[in-house]
Structure formats: C-alpha cells, structure tokens
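*Asks:* Chain residues, written in single-letter form:
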Amino acid sequence: MKGKLILEDGTTFRGQLFGGSNATTEGEVVFNTGMTGYQEILTDPSYCRQIVTLTYPLIGNYGTAKQFNQSRKSFVGGLIVGEVCEKPSSSSMQKTLSEFLTAEKIPCLYDVDTRALTRKIRSVGTMKGVIVSEYTSQGTIDEMMALPIRKNVVEMVTTPVSYTIDAGKDPLYVVTMDFGIKRNILDALRKLNCRVTVVPAKTTAEEILALNPDGIFLSNGPGDPKDVPGVIREVQKLLDKKPIFGICLGHQILALAMGANTYKLKFGHRGSNQPVKCLETGKVAITSQNHGYAVEESSLKGLPVKITHISLNDGTVEGVRHVSLPVTSVQYHPEAAPGPNDSVHLFDEFIDHMKQAKA
Amino acid sequence: MPKKKNLNKIIVIGSGPIVIGQAAEFDYAGSQACRSLKEEGLEVVLVNSNPATIMTDANIADRVYIEPLTVDFLTAIIEKERPDGLLATLGGQAGLNLAVQLAESGVLDKFNVELLGTSITAIKRAEDREMFKETMERIGEPIPESTIVEDIHGAIDFANQIGYPLIVRPAYTLGGTGGGIVTNEEELIETTLRGLKYSMIGQVLIERSIAGWKEIEYEVMRDGNDTCITICSMENFDPVGVHTGDSIVVAPTQTLNDHEYQLLRSASLKIIRALEIEGGCNIQFALDPNSDSYYVIEVNPRVSRSSALASKATGYPIAKVSVKIAIGYTLDEIVNAVTKKTKACFEPSVDYIVVKFPRWPFDKFVYADTTLGTQMKATGEVMSLDRTFEGAILKAVRSLEIGVNRLHMPKMDDWSDEKVKNRLSKINDERLFLIAEALRRNIATPDEIAAVTKIDRWFIDKIKNITDVEVRLKKDSLNAKNLRDAKLVGLSDKSVAELTNSTLKDVRDMRKQFRILPVYKMVDTCAAEFEAVTPYYYSTYHGEVDEVEVSNKHKIIVLGSGPIRIGQGVEFDYCSVHSVWALRELGIEAIIINNNPETVSTDFDISDKLYFEPLTTEDVLNIVDKEKPDGVIVQFGGQTAINLAASLAEAGVKIFGTSVDDIDRAEDRERFDEMLTELNIPRPRGISVTNLDDAITGAAQIGYPVMVRPSYVLGGRAMEIVYNEEELRDYMSRAVKVTPDHPVLVDRYMQGTEVEVDAISDGVDVVIPGIMEHVERAGVHSGDSIAVYPPQTLPSKVIYTITDYTKRMALALKVKGLLNIQYVVADGKVYVIEVNPRSSRTVPFLSKVTNIKMVNVATRAALGATLKGMGYYSGLVEPKPYVAVKAPVFSFAKMQDVDISLGPEMKSTGEVMGIDYHYARALYKAITGAGINIPKNGCILFTVADKDKEEMKQLAKAFYELGFKLVATEGTAKALQSIGIDAEIVGKVHQRSSDIIHMIKLGKIHMVINTQAPGKHVAKDGFRIRRATVELGVPCFTSLDTAWEVMRVLTFMRDRRLVYSLALQDYVGGGDALA
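Quick note, the sequences are listed as chains A and B, same order.
Going left to right, the first sequence walks through residues 1 to 359 as our numbering numbers them.
Going left to right, the second sequence walks through residues 10001 to 11075 as our numbering numbers them.
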C-alpha cells in the first residue's frame, strides 16, 4: 500500500508501506551507507527507536539468518529502503527480509528515493520523521510529529537481568555494562577467553566491583549519553579501580565520566567505510560506525586524557586514552558485524591491560 | 610521508597497442598517471607505441616517445633522458613485464633509476606462481591445489594424483592467453603444450578447477605506511570458469552477506600486505556458494581492467591515487578528488548497482569459437548504472550495439523449446539471452536454470522480473500502468513498442504525457554522505529527485563511441575527448554521453558533465530534453554516433557539423554515385544486385576479380574478393542472404595502391593535414594495412589529383568538420573507394605526426568558425621531413579459430606507430612495436598461391641474397629453381614426419611468407600453417607487399643502427634531426 515519510521540515518522500496501514511509526531519521549487513543494523540496539534509511538500494538480497542477529530482538523504529528483495539467494538464509520484518514487527517504507532523502538529511541534519500510510489523516500525523524523541532508550535495550557467558580455562573476567550491547562484542571477548558477566545499565559501581572483575567493558548503545547521568556517575567511580574499555556510547559515557563533554553531530557517522586514523601509529583503519554524538575535542583540554583516534572525514574524536590509567575507549566498532574487522586488535589491548593489572 | 624528495623526472611506460586483454583502460590509467605526476611538478617522460591514445599526446607528458616497448628502446630512452624514477604499474602487463626485464638486465641500476610503487620482488611474489603459492601458504590463505610444470609429464603426473577437471594457466601472459579448463588427458596435453609456448618463462600452472563457484573480485590499495583499503567489490554473474574479462560483472557484490563480504575483504587486506604492494591491486576469489570456503585465484599487482571498471563504478580515481602513492604519499595525505574535502583514505560506498558487459568480436570473426572460458575473447566492454539490477543490465545490453535492445535475440524465436533448453549448459556469448528466452517461454524454472548454469539464482530471478513484465506487456495493450512497469524494470521505449505493437512515437508521447521520465543521479563515491563536486550522472526511473543542475550556459553534447570493438577502437575516444576539450576552450559547456568504462572520455574531470548512459536515440533524447543543449556533435564518436544523427535530427535536435542529409549522401551508395558522376570523379565500377543471375551478368561485365559485399553492413563485414563465377556463386549462397531489400554490391577490384586522406572543411576551404599511403595493395582492409605518412611512392600528379578530389568532394558534401576518404591508385589513375563524413581511425595518428589539432579545428569548424580565421588555407599541408608508419596489431593468439590472412574484413584490434627520419627505420620501429620479431638471418618458408608465384620469385631472390635460407613447398620450390635459387622442399601438412607444421614447431622456420589461393575451400592447409605461426610466435606475412617492405627494412638496416629514439616533441618541434 502507498505510504510516505514526512520529515519535521515538511519534506515528504513517497514509497510503499510494508505490512499495511498499521505499520506507521515515528522517530529520528538517520542513514547508514553500508552496502551489506542490513540484518546486523536492524538488530543493533544502538538504533533503538530510530528510523534507519539504508543508502544501498537493493536490500534483502541474501535474506536473514539467526546467527547474524546482534541482540535478542530488533529495536529500530522503522526501515526505509529502495527495494526489498523478494527472492533472496543465499545458502545460509533462514528467512527472507520480508519475513524477518514481519516477525520483528518493523515498519518499513520501500520504493523510496533514499538518495534524495539522504541528501536532505545530510544538508539539513538529522530530523524527526513519521512513516504513515497515504491515507493517514493530517491530525494523526501532527500528533505523531509532536511526540518527543524518547530519552529512555538505554533502559529499553539493556538486559533486564545480569547473565554470564563462560569461557575456557583460566579466563579473564570482564563485567560488561550493557547499554545495548551487540552480540559480536561478546563473541570477540569470548574468543579471547574472557568470562563475561553482562549487567544491566543501572548496576552500581559497588555491585560491579563486588564481582571482582579483571576489567570492565562499557558497551555501545542508543541515544544521547547525557540522558544517563546516573550511569556516568557510576562509571566515574570505576575509573581508577579496574582496566576499562568502552565502545561507542560506552566511549561517550567514559569521556563524560572523565570530565569531557559530548555534542550531537549534524547527521552522525553511520556506515562501514569510515576512515579512522590512529594518532599513535599514524595508521588508518576503515571502521564500522554508528553514532550521532561525539566527544568534544576542546573539552578534553586540561584533562588527563589524550586523543588516540580521529575521523579522517571530519576530524572528530574517535578514540581516547587516560594518560595514566588503563582506561581506553573508541567511538567506532572494532567488533564489526556489520563492517570491517580491521580494528579487532583493540580488544587485545584491553586484554593486555587486564593481564597487567592482574599481575 | 610527503612526496619523495629525490624525484624530479619520471619515466612512465604505457601498455602499447590494444589487444584483447589489454585495451583502452590503460590509456585512461596512463593519462591520469601522467597528469597526476605533472600536477606534482614532476617532469614526465612517456614511452608508448600506441598513437591512438590521449596519453601519447604531446601535452600529456613533457617528453613523449612513441617507440617500440622493448628493452632496447627503453634502454636508449633511459640513457638519454636519465629519469630518477620509473613508473610501470599503470602500463598493464606489458608495462610490468618490461619493467621486470629492465630491472633484471641491470638497466635500472646502471642508470640509477628507482622503480616507483610496487617493488620487483613484490611483483614477482604476485606473478610467479611458485612464489605466490609460498606466500599464500605462509599467511594461510587458501589457493587451489596446483603444480607448476615446465613439460607435459609433470602435468600428467599431477592429473593422475588429483583428477579432473583441471585448469591450465600459463605464467606471465596477457588475458590468460593459451589457458583453459580440461576434463581429460587429451585436452590436458593440448592445452599444456599451448600454454608452455605462450608463457614468457615457459611455465604453466595446473590446478584444481573450481568452476561453478562464485567469482568475486576486490580492488585494493595499499600505501607505503601499510594502510590498506578496498575500493570496490565485484561479483561475476558468470561463475568461476569464465575469464573475468569475458564475464558479466556487477558491483558491488550482490549475493554476499556481510560475513562473507568481510571474510574476503579481510583476506584481500592480508594478501596485499603480504605481497607488499604499493598502489592498486586486484584480487580474485572463488567462493563456495554453499559454505564459507574460498580460494584465492589470482592477484594482479598493478592497475588493471578491473581497476578502471572499479574507478568508473565508484568514482574513485585508482590510477591517480596509485601514482601519488608511488611517489611517496600516504592515503591519508591525498585528497578525495570527488568531495575535495574528505581524504582518499576511505572506502567508496555506492548507492546504485553497476553492470559491466563484455563486447565480443564474434560479429567480425564469424568462424571463431564463441565458447567462453579462461582465455579472454572480448575486445571491449560497456558499463551501466542504475538503482536496480534490471535497469542496469538492460542499459548494458542496449549499449553493446549488437542489434538487441532487451534480453531477446530475434534468431532464438525460431528455436524449439528443446533447443533452448539443451543449450542452457553452453557457456558462450548468448547465454544471458538464452536464459531470458527460457524464462520467457516458461520452459525452465529459475532453480533449474541456476542448477544447469551455476549462475546464482538471485540473478536468474532478476532476469525473470524482466521477462515477466515483457509477457504482461505482450498480453495487454499499451497503457500508462504497464508502460510505467516497463520503464521501472528498465525496458526501452523501442522494446515497449515492439512488445505492444505500437510505434516508438506512441510510446514516447505516452511517456511524456504521463510524465514517466527518468531522473538523473550523481556518482559521488560516498552514497550522498558528503557533498560532492563530480559532474558524473546516470539515469533511473526509480527516483523522485533529479540532482542535475542545468546551467544557463551555451552547451553542446558530444556523443562518444561506445565499446571498443574491431573497426571502432580507442581512436574514436581520442577524438571525443579532443572535441570536448575544444568546446571547453571555447567556453561552451561540454557534455559527453558514453558507456565505455575503459576510456579517458568517461573520466569525470574531462568534460563539464558526464552522462554514463547507453548511446541510443531514447537515452540521448532524455538527456537532450533535460539539458536543452544548443546541439549535438556526432562526427567524433565513430559509426555509433553517426548512426544516431538522423533520428536525433528528426526529433528536432540540432546536429553541429555536416548535415544529416549530406551524411546520407556520402553513405547511400546511389546518392554517392550521383554526386561522383556530377563531379566527374571516378570510382571502381560497380553495381548493386538483388539476385544471383544479375550478380553473374554484372560481374562478367565489370570483369573479375570483383569485390562483393552486402549493402547493409559496414566495416568490411562479409566482404570478399572473388576471382571467377564459381567463387561468386559460392559467395552468394554462403555468405549473404540476397533479397530485394538487401542487395549485394559487386565492385571492380582494383589491384592498386590504397591511399587514405583525412581532411577538415568549413564549407569553403578544405585543409588536408596529410596523406597516408598503404603498404598493402587494395583488398586488405585499410585498418589492417600499414600506412605511411607522407606517401613514399606517389607521383606529384597523383597527389595533386587526390588533393583536388578531396576538396571537391568535401565541398560538394558541404562537410563541416572532418571527413575521411579512401582512394585506390591504379595505373596512375585515382579512384574513390569510400567517403566517411566523420572522424576516422587515422585522425589521432595524423594529428600527432602533423602537429595539427585536427579534432579541435574540426570542432570549431563544425560550430561555424572559418578555417582561414584559424590560420588554415585550402590544400595539402606541406609534408614533414620525417616519416611515420602506422602498423596494425592483431590479437590472433586469443582467437583460435580465426584465420590470420589479411583481406577486406578488418581483423586488427590495435595499432602502433614508428616514427623516424628514415623510412626504413620508421617501418622497423612499427613492425617491432607491433610485436613482430623479424629474424636477421635464418630460414624463411615460402608457400604462395599460383597467382603470386611470379612476383614471389623476385622477393625470394632478394631474401636469398640477404643470406636467408629458403624453404618451400614443392610447387613454390620449382618456381624458385627456375630462376636458379635452391630451396629446401618441405612436405605438405598431411605428410607427417617432415611436414611444415612440424618444422615450425621445431623452431626450424623463422619467418613465413604465405599467400592464400583464391576461394575459401582449398585453404585448409594454409590455415593450419598460419595458425601454427601464431601459436609459436613466428612472423607470418600474408601479403607480398608487407614482405617486400620487410625485405627493404632488412636491407637498409644492415649497416645502420636499429635503435634510435627521439621524442615526439623533437619531431614536431623540428628538434634534433641527426639520425
């Protein structure tokens, strides 16, 4: 059925509404430029409540399979694409994308000029939008548009109860604060023989230290880091206690905990092709990114924190390190899924920190 | 790391002539490289033997040497120029091999030249099978079980160990020459022997065949700081087994999930790091469709055809960035030329799909084997972009100019269901069309087709989407709904008209009425994430917003020449580019439309706007409707562009230059004859016949031999010389279908000297920059002849007549711009053979040697400028004091069933030039540049037709006197004895032990002079001899004229040095004339 996306500045993009007239949604409209990995994107909790536009026009070509899910369910607000492939082909496929969207109840607008939409977001900045049917009344649209952007997204995606993933012999023990963790991070830690206890975002520093971990991992997650001041406070308490490694939202929370500031980017970094330069080695890696906020470079002045990584595209901060403590974090996703595996070695550094601290 | 400090002067090696496997992509890469070096303030010395290229223009490099790409010549040039660095990774396999030879022979060390970019060790690690295997094993990247053999026994032993099918690949060759998949011992022996011959180092790799797996390619870059990025992934429609140059390829990969994509991407980075390549590199993988297993198939440690494709597919200038890396920059220091803000260190993201489709020469080589395998056969390719696969593949098919406008070959209409089904397993140039036919008839399901062809079902289903719409269109009549569906799936108006039994005009009108119009999107390397400045566009019916900003400036569209094919090569791209440059000089916005990813014209910074689109009336008109240009220039895009002139004019588009009616007067035989009669200019007598009886009577009146050809094809196709009635009858029954609509032309065959002229006219004056005389007498296609500027044997009276005729015809045809005329001179009399009211194959050559910017002048003339105003006056420009020779280059090694003997049908794929103050040395350079190794002594085999025996005697005598030993077949030997020359008699082909083929194989014969007896049937032995010379790289001349010239070169060069080089700038500037 005919549907449309209306942005808060009034711009309308037409398309076909997948799943009928009830499949309407509202949220912040963002775009991701990755050419593969739609399933990983759709199940990355960092996109919680956002309407994700995929710039690659042919989506669903290889279907979906359980092993690529990055979390227990999809939290995205909606999906906007050019074409949904109805006849995918892949030996690993379990469901088509349409079946997956239906099962996960993801509203989807397809047959959309996603390039025009991307250009719009790029020039105006991230905006709120609503996906509605062609026949949705203006009143309903206005109501939807008036709804504020949700602030409790971390709460929505974090694990309700803690759980532990066991590892092999003589593991290192990591407590992970789950702000919306991707499964591949856990896989990466497990591959390095880490026993991981995943705790809810609201867990206190005392509770974490009571577990006596070798290191603490701060996960990725959705939303504005300043929306979780309680978490920032707890992390502050952990700073000089254990080796800490943060990714994405975890990186931002860590930076705030260390006294830095964060701000919202015009349209964010979302894709699998983002070049990041390591200032310590001079080398550049292509990274997977998904963030709408960034650590403010100037706010790091005078703090015991140094910038380790920057984006080659816009020079923004992509990684920091505490000058004396074994505390590091990156804005991007070394665990990949989707995206390149070029930065997986960052986990090794975390392991080294934990080993040194333990010794 | 900034630019290396020690570099001031750099020598760049080009790729030489265009052959199958090495085409215009290296003109694109090389030109980009030279411009990029100059941008850095470096002095550039270029060596390339190919005159038809932009890169050999005097303004592209500081010093341009159009000389043979051999160690001897390169050494001489290096000695003279003393460059600091050598850049060889942009000249294809030819350039790379030459660099290796120069390094190994110590030349680079001797003259202290640094090899820039990838090191020799790294090149060898990628190219030498054994070293490559070791490297891959060391880093744990899987390669198929394989062995390297230097003789046949090793091959058989290996086969006995691991079984069939096996794949045979010779080491160090172009485009996989001589390789193939073998399924039994007999095939193994044959292919291995052939491969051993072609390999530069006498090695052949035999490996397990993984035919049927997905073939995936990555274009990867690495800088000196070990930063690595992938530029583009590509997936072959055709699974492993078909050479990637012969495969339909899509970019990015379509059927790989992120896990598989990253698996191969990570492997690519690991490989480029292990090989320590600095610059661009292409890595090919085979991926098991049913698991994560993969094999590394091949690595090209240089810029390649695939990297040209990847550059055009993504907008990322691989050649340019490779050059910057070679001179010391790191990726994060190089600016992204597309966004001008971000860095070159990122991976392009595209938001469209790209299809590349090969262009095969099977329309010219009608007897060639059309089976596709590991040996590349395509001469060129087209590329298309769209937001859907369906749209892109249909655009690609339309761009091919093979007489189809959708996935439908009319000849298949008559095939039975059985035949269609049975043929699905055949891997040839028609497979895609056959799959569509099977789907259209609903006689095979996508699953069945995927099972037989091993093509991924994703592609088959997409094809079915197209045929489903076709079937619906055929059932319903034309209406807005199904018209919209048809356009969304990518069908052309012509296809819609065909399927709905309506006229093209109906379809177009309805489309406009319902506003079913394409929008144009930009190629920007970043999927719109950043603002880009590339004026590079493609159309789609899947979009709401058009991104093109139409200016108010005066603007003109230049139509390009489409894919490279025999008869229409890179020369026409050269002309298109120069026309664009001329327009830009005039301050006119220059818009180019073309679909060839290999070329300079489709580099986005050549024109003000580039539309990467098919060259059909519909696609061009859509752009005209949008841009509303002042007009269109058609005379530089070869026959492709000329063929669109009439329909564009009919649609009200202004055609700059010669009018459509005058173009028709030159091309329509009757109207042309009328004009010649009026002008009182003779042409060989000829008639047009519509049945056999008329042909026989007519031929008798004209007198044999006669040249016969169908009237409805151009470029010498199906043209033959027949010597008697019997042969004429045979031709009429075999080669053509003669009907009243399709008459056959019978012309007197004049056995004279062929002369070619390119001229520029403004309607008042006619300038002739130069005249070229052909070495081979008329009867050999002009594109396959050796052409000499200025003429060496023509009397001044003849030259005067040619000048006069050229002027009168140009004025009569009201030519505005370029025209090309072919004459034959017989018994001192000049006859016109053909007039082409457009630029020709010889324009780049002539422009270079005469230093007249012919295309620039012609473009201005087409727009109304006067020649006088530009400082040119009517008549022949005074010839230069040096001689330039253009020699054809063939790709016979790639086409096994093609006869190499020259005739009226064109067979060459490229050309080289030799230039010198001495004619003989210019000719020597041309022949050497063409890859022919003329022996200075040894044994020459003569086997000539009876008609040539008299003439042969003198020739043989001359060679004999030069000290050559002669070998001949019995009849020829007897003829030689009659003039007192002893020739060893060899047995004919069937006389096993001492036969000719055997002697050639044993290396006992160093040159062959063979002419073909008239008639096609008796020629079997000759065919085998000629093919044997190709297989073994023995020079073989099939025209006595060429052989005479070779003899003269040998005589003349006996006491002169063979290697002497001057830059083009020295010649055209007058320079150093001490040869």
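Just so you know, these hints were derived from the structure itself, not from any lab.
Certain hints may be false.
[As the list claims (entries may be wrong)] Here are the computed lysine-lysine pairs in the BS3-like style, where the Cα-Cα straight-line distance is at most 25 angstroms:
id, chain 1, residue 1, chain 2, residue 2
1, B, Lys10421, A, Lys283
2, B, Lys10003, A, Lys2
3, B, Lys10340, A, Lys266
4, B, Lys10474, B, Lys10426
5, B, Lys10343, A, Lys306
6, A, Lys95, B, Lys10454
7, B, Lys10512, A, Lys2
8, B, Lys10947, A, Lys283
9, A, Lys87, B, Lys10340
10, A, Lys264, A, Lys151
11, B, Lys10343, B, Lys10003
12, B, Lys10005, A, Lys266
13, A, Lys191, A, Lys237
14, B, Lys10454, A, Lys266
15, A, Lys283, B, Lys10341
16, A, Lys87, B, Lys10003
17, A, Lys191, B, Lys10270
18, A, Lys283, B, Lys10340
19, A, Lys87, B, Lys10005
20, B, Lys10481, B, Lys10003
21, A, Lys283, B, Lys10003
22, A, Lys358, A, Lys169
23, B, Lys10512, A, Lys264
[Stated by the list, open to error] Stretch by stretch, here's where chain A covers chain B in the computed footprint (C-beta under 8 angstroms, at least three residues):
id, segment
24, 10345–10351
25, 10389–10399
26, 10527–10533
27, 10537–10550
28, 10602–10614
29, 10974–10984
Note that this is a predicted model, so its numbers are computed, not measured.
No residue lacks a Cβ here, since even glycine has one placed at the ideal position from N, Cα and C.
*Asks:* Look at each hint and say if it fits the structure.
*Replies:* The hints, checked one at a time:
no., hint, verdict
1, B:Lys10421 x A:Lys283, "violated (55 angstroms)"
2, B:Lys10003 x A:Lys2, "violated (56 angstroms)"
3, B:Lys10340 x A:Lys266, "holds (20 angstroms)"
4, B:Lys10474 x B:Lys10426, "violated (29 angstroms)"
5, B:Lys10343 x A:Lys306, "holds (24 angstroms)"
6, A:Lys95 x B:Lys10454, "holds (22 angstroms)"
7, B:Lys10512 x A:Lys2, "holds (23 angstroms)"
8, B:Lys10947 x A:Lys283, "violated (72 angstroms)"
9, A:Lys87 x B:Lys10340, "violated (39 angstroms)"
10, A:Lys264 x A:Lys151, "holds (14 angstroms)"
11, B:Lys10343 x B:Lys10003, "holds (16 angstroms)"
12, B:Lys10005 x A:Lys266, "violated (41 angstroms)"
13, A:Lys191 x A:Lys237, "violated (29 angstroms)"
14, B:Lys10454 x A:Lys266, "violated (46 angstroms)"
15, A:Lys283 x B:Lys10341, "holds (20 angstroms)"
16, A:Lys87 x B:Lys10003, "violated (51 angstroms)"
17, A:Lys191 x B:Lys10270, "holds (20 angstroms)"
18, A:Lys283 x B:Lys10340, "holds (21 angstroms)"
19, A:Lys87 x B:Lys10005, "violated (56 angstroms)"
20, B:Lys10481 x B:Lys10003, "violated (59 angstroms)"
21, A:Lys283 x B:Lys10003, "holds (18 angstroms)"
22, A:Lys358 x A:Lys169, "holds (16 angstroms)"
23, B:Lys10512 x A:Lys264, "violated (45 angstroms)"
24, 10345–10351, "holds (count 7)"
25, 10389–10399, "violated (count 1)"
26, 10527–10533, "holds (count 5)"
27, 10537–10550, "holds (count 5)"
28, 10602–10614, "violated (count 0)"
29, 10974–10984, "violated (count 0)"
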